[in-house]
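Listed here are the chains, written in short residue letters.
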Amino acid sequence: MIKAEEAIVARDLRKRFPVGMGLRRKQVEALKGVTFTVRRGEIYALLGPNGAGKTTTVRIISTLLLPDSGEARVLGYDVVKDRWEVRKRIGVMLSVERGFYWKLTARENLYYFGRIYGIPKRKLLGKIEEVLDLVGLKEIGAEDKPYEEMSLGMKARLGLARVLLKDPEVLILDEPTLGLDPPSARMIRSMLRSLADEGRTVLVTTHNMYEAEILSDKVGIIVSGRIVMEGTPSSLKRTVYKVVPISFRLKITPMADLEGLRTSLGMLVEAGRTSITVNGDEVRLRIVIPRVEREESYIEAVTRISYEKGFKLLEARVEEPSLEDVFIEVSSRAAAN
Amino acid sequence: MPLGEHARIFATIVKAEASFRIMELKRNPIFTILSLVWPYLMLVSIYVLGTSYGSIERFEAAMKVDDPILFLAVASAIAFTAVGVIDYTTNSILWHRWLGTLPYVIMSTPSFTAYMIASGIVVTGFAIAMNYISISPLILVIGGFESFYKLMIIVGIALLGMVPLAGIAAVAGLLSIIVKEEGNVLGFLNPLLLLVSGVFYPIEILPRILALMSKLVPVTYLVETAKLVAAFQATEVKIIYIALYVFGLMAIVYNLGGGMVIAMLERHAQKRGVSM
Amino acid sequence: MINTLSRALEQAAVMTWAHFKRAWRMKYNMVNWAIIDALWLLIFIFAGLAFTPPEYYPRVVPILFFSMVLWSLMSTPIWAIGNWVRFYINIGLIDEHELAGASHVAFLATRSIPSTIISIISAIAVGTILYLATGVNPLRVGNIPLLLFSMVMVLSMATAYALIIAFAGMKLKVPAPMLDIMNIAFFFIGGVAVDVDNIPWPLTIVAVLTPYSHPAELMRYAVSGFPPYLGFAGEVLASIIFLALLAAIVAVVYRIAYTDYRSLGARGVGLT
Ligand SMILES: Nc1ncnc2c1ncn2[C@@H]1O[C@H](COP(=O)(O)OP(=O)(O)O)[C@@H](O)[C@H]1O
Ligand SMILES: [Mg+2]
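Chains as they are written, first to last, in the numbering used here: chain D, 1 to 337; chain V, 1001 to 1276; chain P, 2001 to 2272.
Just so you know, the hints here were simulated from the structure itself, not pulled from any lab data.
Remember, predicted model here, so these are calculated numbers, not experimental data.
Some clues are possibly wrong.
Stretch-level coverage of chain P by chain V, calculated; a stretch enters the list once three of its residues show a Cβ under 8 Å from a Cβ in chain V [said to hold, decoys possible]:
{"no.": "1", "segment": "2029-2037"}
{"no.": "2", "segment": "2049-2059"}
{"no.": "3", "segment": "2122-2134"}
By construction, the Cβ of each residue, glycine as well, lies at the ideal position given by its N, Cα and C atoms.
Isolated chain D, as found in the complex (with noise of 0.2 Å):
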């Protein structure tokens, strides 16, 4: 039985797709069995890079796209049998900048879908002032806007504003932050945090793992159709994640060979686990190891190695892991399975 707690529930999500055509015709698989659960009140953030399956699981959530098999329930009801009620209860926003009328401006596309919903009218017009207020479309005057005028950060409030207006339960959201300007996307992410703080539900996919990590309550990491990582973003990056990562500052002298420490650093550290940025007179260096071996003896090696390629070291330091390093790490994993 589903409890009452959990407002989404996904159980083993298969999705092929046809591509080509005639002889050439193959199959993808875009899920793999996608389970994951997100309770009432929570935020709950899929995290993967693109082609990873997060659009098609969030199509299957919100009862658009029949899935092959396995099973889906929001609020209790199943999205392929019970969609209409489903859909009464869920608010949708599939991208940041498709799925208005190009010609009407912001308010008359609110009117418009309002009334495709069947929100009574003498409602609606009150409604719609709210949530364009809310928004903050008032606030920069693009309320009377036509659509195809409007700015992605518009486009994304437009986005948001819509699904208010239906005072769904359920939120679910495809990218909402893709492209935006950091205004916009921090009033996206602070509305839905207060959105949630209402006890209401939020379903939202991103590939930008900053986000995930201050947004959500729970991540779970998608990566070729399958999950293959969940928990809050604290626990996933302290308990999982057997990563160090420790930055560096140094300082560039006349005989410093940048090339010569890269070769350098590249026998030292894993592929990949390297990042080097030029500042100005300054190097910033940035290495992930691995938690079992000891730290110290890494920073010595770096001391060494610019030393010898003229750098002064400025700073070391070692830092808590992002959620970018557990998701390098859990890509590349699952890439070699």
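Knowing the structure of chain D, use the given hints to seat chains V and P with the ligands on it.
This is chains V and P with the ligands only, laid out in the frame that chain D set:
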């Protein structure tokens, strides 16, 4: 840049445009077949429509031609060549716009004018070739080799008659970029050209204003020449020369004017940006 | 039941409202289309007149004119619907309407209401130029209500036809207007441009089986009292039956395309 360099770039564009067109014909066989069928569709449509309201004899008398079917075939080919030239040119600009490659084309090393002229030449050649390949079997069957030979002369004249169109088409295409609209704002150019040039009916039927406009359109003279060549009376061959002079004059006026307008638009585009 | 119906009507009304808003914001485009439409109609009309001795103009001009108006009504929905279905999918409107439980058929079908404006403007322009050229008033019509009825029938059939090719295009993944190979044949040998009686024998069957020929026969009857091929009542009945048949085909083709949409997603039925 030295002149040789210009010529090299020009040749490169011509080659690129030609291979692009050939690739398109190969890749899209349905489209290719359709373009070959169009002149016949036009011919049959007009024949069916006309004969159900009137008679072919009346048409023959009104148009002053010997063989109305032959004439309709050639007229259709002329019509679709003109349509093709204008369509290709305006559409290729719209394509670039939709694909998002337009700013690169406009701002690239060879001037946009050079690009337009080079691709215009290729496009004209293609439009003529497609349409005459399409009707030549019919001409051979109805008129035999003599008619086929006449058709070749008409093709030659058509080649010249299309030159003035290139200027018009290029300006039209560029204008459609600057006007910020989704569709082809100059889509009326083609039917207007056909309407006033009297391809399928004598100009005298038209209201006066339209009849006057027809004098400015090169296709009008092309149709007249086609009629003469089809009749092929020695005394009238001289008139063909007159048509050729008209084409020459129009080519100079329209293409110079077109060149000036394009240069202006190019500056405008570089200053204001291109609306995407 | 009543509830569902009133909900559907409400949705159709707000859809039509949105389409009209769009048409108004694109008014220059609409006028441009109307001009293009008018110019093509005139080319065919004048070509037709080149076959006709001027003394027959008073009889020929009105019928030729309204035949071409029917052509315009037959073809605008193909662009307004058949071409637009691609945008409907690609700009994500299909998903939003699906989530809202709104009818895709209603959204697309109501698009042919504002697009009729194009045919109306075009008809006015063509009529005027035709009058200037021939001195015959093309609007001298015997029975105006019947004429309007025939035009509404043609428009409804054209809308259904456009929906059929739109959904077939979704299934086959080709642009819908490319599937429109029938329209021009319908027009010339299907008893629209040419009256059914005048069509040579085996083709008469084709004409009678062409849905458009029946309202077209009614149009000719309304304009000049020309007796319809199946008689007045016969043509009215045939018009209604064929419209119902087209509607049934729409329903079937829609189901097929919709099944694909649900299992392949918008990306699977869109063209990009
Ligand atoms: N309609 C479709 N037709 C064919 N392949 C598809 C379709 N939708 C998704 N895919 C494929 O399924 C995989 C997962 O896609 P998607 O769910 O969009 O990933 P994400 O949203 O994480 O980027 C990709 O390989 C994608 O190419
Ligand atoms: Mg996606």
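In ascending order, which of the hints set out earlier in this document are inconsistent with the structure? No hint contradicted; all consistent.
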